[in-house]
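Asker: Listed in order, the protein sequences are those of chains A and B.
Heads up, the final residue of the first sequence is numbered 150 in our numbering, and it's a clean run with no missing numbers.
Heads up, the final residue of the second sequence is numbered 1538 in our numbering, and it's a clean run with no missing numbers.
It is worth saying that the hints were derived from the structure and are not from the lab.
Take every hint as true, because none was put in to throw you off.
Distance ranges between label pairs, derived from CB positions: (1) B:1290 with A:2: 24 to 32 Å; (2) B:1448 with A:110: 20 to 28 Å; (3) A:71 with B:1461: 50 to 58 Å; (4) B:1509 with A:140: 39 to 47 Å; (5) A:-6 with B:1494: 54 to 62 Å; (6) A:-6 with B:1290: 32 to 40 Å; (7) B:1310 with A:80: 44 to 52 Å.
As the structure is a prediction and not an experimental result, all values here were calculated from the model.
For glycine and all other residues, C-beta sits at the position ideal for the given N, C-alpha and C.
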Amino acid sequence: MSRVTITVNSMPQTRDVEDRTLLVQFIREHLGLTGTHVGCDTTQCGACTIHLDGQAVKSCTVLAVAADGSEVTTIEGLADGGTLHPVQQAFHEHHGLQCGYCTPGMIMASVDMIRRHDGMLDEHTVRHELEGNLCRCTGYHNIVKAVLDAAEKHRAAHAVAPE
Amino acid sequence: MYATTYHKPKTLSEAVSLYENSEEPSYLSGGHTLIPTLKSRLAAPQHLIDVRAIPELSGIEVTADKVIIGSATKHAVVAASREIKAAIPALSGLAGSIGDVQVRHMGTIGGSTANNDPAADYPAAVLALDAVVHTDRRAIPAGDYFQGLYTTALEPGEILARVEFKIPEIAGYAKFRNPASRYSMAAAFVARHRDGHIRVAITGAGNEGVFRWTEAEERLTENLSAEALEGLTIDPSLMMGDMHAPADYRAHLVAVMTRRAVQNLGGTHIL
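Please model the complete structure; the sequences and the hints are all you need to start from.
Answerer: Written out as structure tokens, the structure reads:
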């Protein structure tokens, strides 16, 4: 057992965990944040994608004890009160989901993607960079539309003319 | 995953001492091969020694003729390095083609090189770029380092510290991926070094892991063009065969990917 403190969605969380505990188990089972999903055991599907110190990672392939002292953002940490995050809003407007199982991971990967590219994305890049997230409904078309729309809004929101 | 005990040493000597004084230890870096293996209960180390907090294992240094990458450096960091992209664009592109975005945010060059998976990307670059693998105790030339599937010259407890690549005159990397796993089914790294010698390293295909295709090297030494490789084939009995690709198909892919690497010198061609 180890005592770990991980700041999850801006709240420091301290728990005693077995060293074999995966970060996704810490998030779901120890903190009860079940928005982060587990879809595979092979690090391929991306349903468990969260942000670890600002970068999208698969939380099923990180030990909680190795994330001690880190900052984590999950799907529950994106919205600002009752206002959806722009990427959540875009998925809503474009119906970027079918069954919804992959959606939290898709959104966390997309937020990371838009930030890394500063919103400068085209369809090819979005499809390529979502290769770590699988949608078993094969509902990629609207997911890609949602990411492109959110990226465009990100560009518009950040296009502040220099003084 | 079976129960295990986690350690996070801050120095190389502490890590080696932990390894030598533990029952069934294993080093852990990005964990993107090891943790899935542990989850499948295919391995059960009693002690995991995380090397990522050791300062000497991080960082990138580019000199006039070498690119030196610390073993705990993540694929995404290598792919994003402007210095590496300027010095060896094929190496930069290779790092950016591993797995997917999330995997590249965690996986490390040292983990890939130490594990020596027969379908991993970095071993091809290490071999073709005539690299030197530096450990906590010695320097190992690439030609002596790789010793078959998942097998290297590393001794128990020895830590891979950094990889020192020679900057070639030009290099190219071509890969045909399994669309589900994104591991290569055949990939070729071709480099012409500054002294004129050619190295061709093949990963993903050989039944002994990464290897140099010396017949291709000889032809490309005469004439560095895809035409020089026309008609050259590789013996399928040297290839892996599995449900994704039988050995004769992999042999075919090796020849195609080698030509594509030559056609894309100065960059990568990822399928």
